[in-house]
Structure formats: structure tokens, C-alpha cells
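Asker: Chains as they are written, first to last, in the working numbering: chain A, 1 to 351; chain B, 1001 to 1288; chain C, 2001 to 2165; chain D, 3001 to 3092.
One or more hints might be untrue.
What the hints assert, rightly or not - List of simulated lysine-lysine pairs, DSS-like, C-alpha gap at most 27 Å:
no. : chain 1 : residue 1 : chain 2 : residue 2
1   : C       : K2080     : C       : K2133
2   : C       : K2141     : C       : K2101
3   : C       : K2101     : C       : K2080
4   : B       : K1188     : C       : K2133
5   : C       : K2141     : A       : K131
6   : C       : K2141     : C       : K2099
7   : C       : K2101     : C       : K2133
8   : D       : K3014     : C       : K2027
9   : C       : K2096     : C       : K2133
Hint data in this document are derived by calculation from the structure and do not stem from the laboratory.
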Amino acid sequence: MTPSTLLHSVLREPQRMERLTAEQWNALIRVARVEMLMGTIGMLSTGMHVPDKARLLLDEAAAIASVRQNAARYEVQRMVEALTPTGMPVILMKGSAYLMADLPPCPGRNIGDLDIMVPFDRLSEAEAALKRHGWQSIKAKGTYDDSYYREWMHELPPLAHETRGGVIDLHHTILPRTARLTPRPERMLANAIPTNCGAYIMAPAEMLLHSATHLAYDGDLQGGARNLWDIDRLVRHFAEQPDFWDDLKSAATAHELTSPLARALRLSHRLYGTPSPAALRGKPDLIDRLALRKLRGHDRYGAPTTPISNFILFLRGHWLRMPLPMLTRHLLTKWRARRAEARQAGRENDQ
Amino acid sequence: MRLRIGPAIFDIRSPFGGAIASLRHLYRDYPQGMPDEIYDFTVAALPTTPWRRWFRPSIRLQADFTVEEAVPVALRHALLAFEMGVNMQMALGYRRDIILHAASAARDDRAVVIVGDSGSGKSTLSALLSWSAGWRHCGDELALIGLAGDYSLTPYPRPIGLKNQSIPVMRERVSADRFGPRLEGTMKGTVQHLLPPVDAIQAMDRPARPALIVSPHFTAGASPEIRRMTQSEAYLRLSVASTNQLTLGEPGFDALIRLIRSVPAYDITYGTSEEGLQLVEKLWGDVE
Amino acid sequence: MTDQNSDQEGMMQPKEPEVNARRRVLKLGAVAVPAIATLTPSMAMATGGGVGGANISILACQVPIPDRIDEDGEVVPAHKNLHYDGHQAYYYENGKRGKKKYVFNAPYQGHYSGQEIKDGYLNNRYIHDAQFKAHVEYLQKMRNSGTGGAGISCLMSITNSSYKT
Amino acid sequence: MALYVPVEAVRYEKLDDLSLVFHRLSGETHILSPEMEAIYEAIPAGGADAEQILFRLEAVHGLVEAEEGDPASALCLRLDQLTELGIVRHIS
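Build the full structure now, drawing on both the sequences and the hints.
Answerer: Structure (C-alpha cells):
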């Protein structure tokens, strides 16, 4: 068992935590920190007999997650206050949706930036309303990054609150405009479900599709163990509803997202034993193998052990999101930035 | 290697064997080894790039908690890189206590907390308290204040990082074998570590209860002065001098309120180290 | 340790003598005068996070500066044409008849270290170094806009590190 | 009628000089000036409109003055600042 698979097995079967050696704990803690799942296993360990030191570290992580969740709730409140006067529907995405709807991925989950989606034609209106309430674009206008976002991405440059520092990612769809698939945000808006905080969440099938797409397209599967854990929790929860699998299938077809969904279901099945109809999962491919290698490839210090797989996944992530000439330009820009960094490191050591 | 400082165990590794050896030596009085313990944080000092292991060697840190903007450190300053890594883990990852950027020392298990910016004279004052005035050294840089009811202070007695002109001040008073290597040309000028007295290291598991808070202002030639802080002033100073208090939620708020309500806080200004010591002793006499 | 409501209610309906004891004119200050100071959790990272790294990390952190900053600290848009007085670049703010503004490149590594900025402030480097002055203007703008971004937490930690009441 | 209501999820602590309000949800700590403290304390748990709050302030302090404009509008601006920080709610 690798340190990563130890983490996966503890998530599947938390009782294992009562039988770990100190060496296993050390590896587990490292990988859980890297994968941002320490708070999650902290919550899963509630009431279990674990060594004192493990207890301290787990409780600490769970406590921090809960403080951050409170702050995230507050940011949702303030965001809703800012956008309510516009009358536009606002959909909470990912972490904040799980939080406000109290869904099973939530306990101990670290919730950072606030992701929301509004109709495309009301994007600038939403941006203006947020700016009136203290949020500001982080990237300076006119730089490569800003125009890149506005021209090609599925979201605006991040907005940070001027005093609190909380960040909002304002989306109009779930995939970059450069991606080869084009899901239909208007269907997501039409199906959205109101919550009592004043914002909406996606309908179950679409919430899962978004999570799956995010995983399959977020290039290098960074944080994949956590995203797959979200998927596992959501699937097990939603599958209790009678028509869920049918809804999911038709939603995937409508949004042209059957293939990212299949990949997410395959991977979460492999990692966490997530149940799903075999027909929806489809057949494993080379990318699955690379992804699993990466997901399982941490050493006992949490450092990656599979650089080649990771590099191929990195290239693939960018390829999926951009047409080739753009990809070249993008990677070149990144490469130049790194080269400048390296030069500077050299200078410093010459001193 | 594994190393325990106060309540935290660090797993430290590096392909640079010499760096590890000098770390082992500097921390020779601290618990090391502990292969069967669950440790708190891992810190690795790795070559910036693979060839930097041999060619103009320089170090980057890989650890449980890191900041993005850290710059590489030359191998000859490896001790500082480790120190930076260890401090970073405490500042960013340790949440069981309030972490104040402060020195501290105890007498009869009651503690003075010395809070101030670097350059304010905090390290020197804390070195003098423990090496000249018989106080138990509890830390020169981070003070851990408990979240539970009694706001007790957990010692974190790392070697004292002396800088520039404070080095000769202490060399006069302490034998040479308690000093680490002299590190020239660091970002902070010349740095040399001074090991706390062995007793203080051995007593690092014994908590102390804060009884006095001082904020030193060392200005050459200044005449000694004491000014009592209001409670809200003390709250503000300590809150912004903490790496984590604002992120701890209500328990952090509670603990700090209790601390500043029960423990008096003072600004002290002085022109020589001796005067600084005298002011602390005077205030200590008042709280006793 | 009062939860809002409980003690407060008691305080608001005091017996008559207490009211008299507290009677003094309440003066509401000008609006521009801040009446509340807020400590927000993100400040812990900005001020304290750096502190924990032995202050080394504060001074070692990097504050990136974009290329092409004008003398007022504004980023010069990429489409603006530059002219030269010898080696000194400039552009016209609003066409040929507009204000002539000098333009400065980023520092040679593309960023300052915390130490460089701190030293620069202490030595009044901005008085004689027009490039540094422009960069300081830019940093002030970044800082005042309160937005995050690479290096801003570093900058905050340098310029906020001595809190004065 | 627009009411100002103190948010319940806060901790209010009076120190020897100023007062602190800790907001449980946001994790923010607000340090109130004496003037803000007086206003905050004058807002009853059940809520009140600006006029009633001014009346309550006068009951404690006798006289309420403003450096700029009339006390009522100065008070409204301060109440809005409290609302902006989320420690008071404004219900219409």
C-alpha cells in the first residue's frame, strides 16, 4: 500500500484509523495535508480511538475547516446581499454549494474561494454590483492574464474583497470557451434549486456533472483525491433518489459531458468504490492509468513520485482546454516566466 | 532526523549531509531520534534544481506548509533555511495555541512575554534575561499561549538568533561552546545562534503562566521610560503580532481577551541593555 | 463575556442615578473619521505569516513589478507607443498633445525582495531614484486597492509590521 | 419602518478603554470607538429605527451633538457603517 492508497482506504473505511502504526500515521498525515483532506479525515475520526498526537492534529485540522466554513458562509451572505438587487439568479458552485445545502462532502472540507455562476448576458452587471460592494479584480487590467480570462475563460478574473480578502470566481459556464465541449449553462440555470440563503444550487445531476467535468478538465488532476471524494459522497447521496441515474444520463447527453462523467465515475470507482451503472462508466483508457498513477503516487512525505505521468497529464489538461496555437502561446509565456525565475535564482547565488 | 522543540516534533531531511550534521550539533541538547512517534511537521532542504546540489549549491524548502514567494537560500546559510522552515510550520500550521511573535522567559513558572518587531531588542533582552538574570528561557521568537481557560504559556525554547551588534554583547557573557557557527552576509546581516541554558531546554515541557507583557523599544542613548498600555491597545498589539490568532475563531478571541484582562502590558524604552533588564525587573516586582 | 442582548439590555434600562452618572454629551464625529477598526482573518497571513518565518520570509518574499510603469505608478497599456529621451522612455497620456509621462521598466529581476523595499523606504531611496519612486507609487496603489495578488501579502507584511496606535 | 437589529452571532466585550465586537461567522474583530460603542449599546435586542435609537442615546447621554450636519443623519451614517460590517442588520 502506498501512502496515497492508505489515505484512500481510510476515507473508504475510517475504522482503519484505529489500527495504524506511527509510521502509517506519519505518511497518512502528509498525504492528507497535500490532498487537502486532513479536515475531512479529522471529521471522520470523530469518536474513534486514535493515538493522542494523531487526535491533536486531526482535531486541529477539523477545527480550522469549521472556522473557514463559517467565513465561507459569511462571504455567501455578503455576495447574495450584493447581487440580490439585480434580481439575477446566482448559482453556488462546488464547495459553497455543498456548504449551503449541507451535502455529504461538507464535513471537514476546506472551502476556499467562492465560485458562483450567473447568466452570460448579465456577467458585467454582476461584476459591477460586486465591485460596488467592495470586491476588486485581482489581476491588473491590460495584462496578459486579464485579457486571457475575458477572451477565453469560463469565468472572470478573480475578484477579491478589499478588506476581507475573500475571493469570488464569477462564472458564466462550467468550461472554458476554448474547450472542445460546450455544455449548456442555460439548462443548469433553468434546473437550479433555490436554497434558503437566497442563492441557487444546481440540480443533483448537473451538480455531479460539474464536479466530474471540473475533475476531468482541470488538467493535471491536482487535488484529484479530494475532488473524487466529493464525487463519491455526492453519488452515494443522490443515488438514493429513484430517478437519479436516468436524470444523470440525460443531463450528460444534453450537455455533451458523457465522457468526462464516465472518467470521473471510473476513477472514483477505482479509488473509493463509488457505485455506478457500468454502462455510464465506459471503458478505462490510457489517461485513466496515468491519472491513477498520479493519484496514488505520493511518497511518505507527500511528495509526488510519478513525474512523467504528471507531466503528460499537465500537457493533456492544457490541450483539452485550448486550441493548439493558443496552447503554444500560453506555454511559451509560462516558460518565459520560469526562465526569468531561474535566471534570478542564479544571480542570487552569484552574490 | 527528528527533532522536538517544545510541543512540536519536526522530521527534517536533506541530501546535504553537512547541513544536517550542523543542525544535529546545534540542537544537541534537544530530544532527537523518536522514530516511533507521530511527528507534527516535515521540513526538507532540497537543492533548488538537481545540479544545484553540487554547483553553487542552494536550498529550497519542501514542507507541509510553505509560502509561494520564498526565495532560495545559499547552502552556507542552511541553518537559517531550516530555521525558516521550522518557523513557517509553526506560523502557518500550528493551531493548538495562539502563536505570538514574541520572546518569553519564566521565573517560578510565571512568565514575562516580550512582544515587538524584529530589531526592537527582543532577542537580546531575552538572551540577557536567561543568561545574566537567571530567568528560564521559554523562547526568543514564538510564544505559544494556550486556548484553554488559563492562557498558559508553552515553552518553545529554540536557540536564540542573535544579530549583528547583539552578538558581541552575549559573547562577553556566555562561553563559546554555546554558540552556533557565525553566519555572515545573511538577509539580516550577521547571525549567530546562542543555545539557551541546558536547564531551560530540559524544562521545556513545563508550562508557565503569563504575568507581565512588555514591548521593548531599544534606542541607543534613550532614557528609560515605562508606559502602561490600555487593554484595547494590548489586544491590538498582540493580535497583529500573532501568526494565527485571527484565524482561530472564537477560541482565539476568548484566549486573547482573557490574557489582556488579567496581565498588564507595558511599552518600555531604554538606551542600554542593562537598563532594559532593570525595567523588566522593576515591572516584575510590581506584578509580584 | 456578555452575549449581546443580555447585559446590554440591563445596561440600557439603568436606574436613574446611574443614568446621571453617565450623563455627558455624546459627540458624533465627522463621517470621514473612522470609528471602527477591523481585524480580519486574512491579516493574519499578511502580517503574522511572514513574521513566523523568522522575518526571513518577510524579507525574502518577492513583490513582482510589471514592466512599463509610468511615473505615477500606473501600468502603461501594451498598445501605447513609447518614445525616448536618450535612454529614458516616455509616452503621451492622451495622444500627442497630452501629458508626457515617463515610463520605467521592472527592476532587473522583475520583482523586489521584501528587504530591498524595506531598505528603500528606510534610506529614502525614492527621493533620488525615479524608477524606484514610480515602483513605490505602483505598490501604494496596489496596496490601497486592497486586492491580493502575488506579493501583496509580502508588501503588507513589510509596511504594516510596526503597528502604532 | 426600517429597523436596525443587532446580529446575534457576535461576542461583545468591553475593555478598560474601548469595546470589541467579535463576529462569529466572519471571524472579524471590530474595535469600536467610544462613540460607536454608545450607538451600538443603544440598539435594543429587538431592533429599533434610527429615531428610537437617537432617543435612547439621549436618555443616557442627555445631549447628542454632531460635528457635521444634524445628529439624526450623523447617526444614520454610523448605523450604516455597523450594517456594512454585518454586526447590525437593517430590516425594512
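Asker: Each of the hints needs a verdict: does it hold here or not?
Answerer: Evaluation of the provided hints:
no. : hint              : in the structure
1   : C:K2080 / C:K2133 : holds, 21 Å
2   : C:K2141 / C:K2101 : holds, 17 Å
3   : C:K2101 / C:K2080 : holds, 12 Å
4   : B:K1188 / C:K2133 : holds, 24 Å
5   : C:K2141 / A:K131  : holds, 17 Å
6   : C:K2141 / C:K2099 : holds, 20 Å
7   : C:K2101 / C:K2133 : holds, 14 Å
8   : D:K3014 / C:K2027 : holds, 20 Å
9   : C:K2096 / C:K2133 : holds, 25 Å
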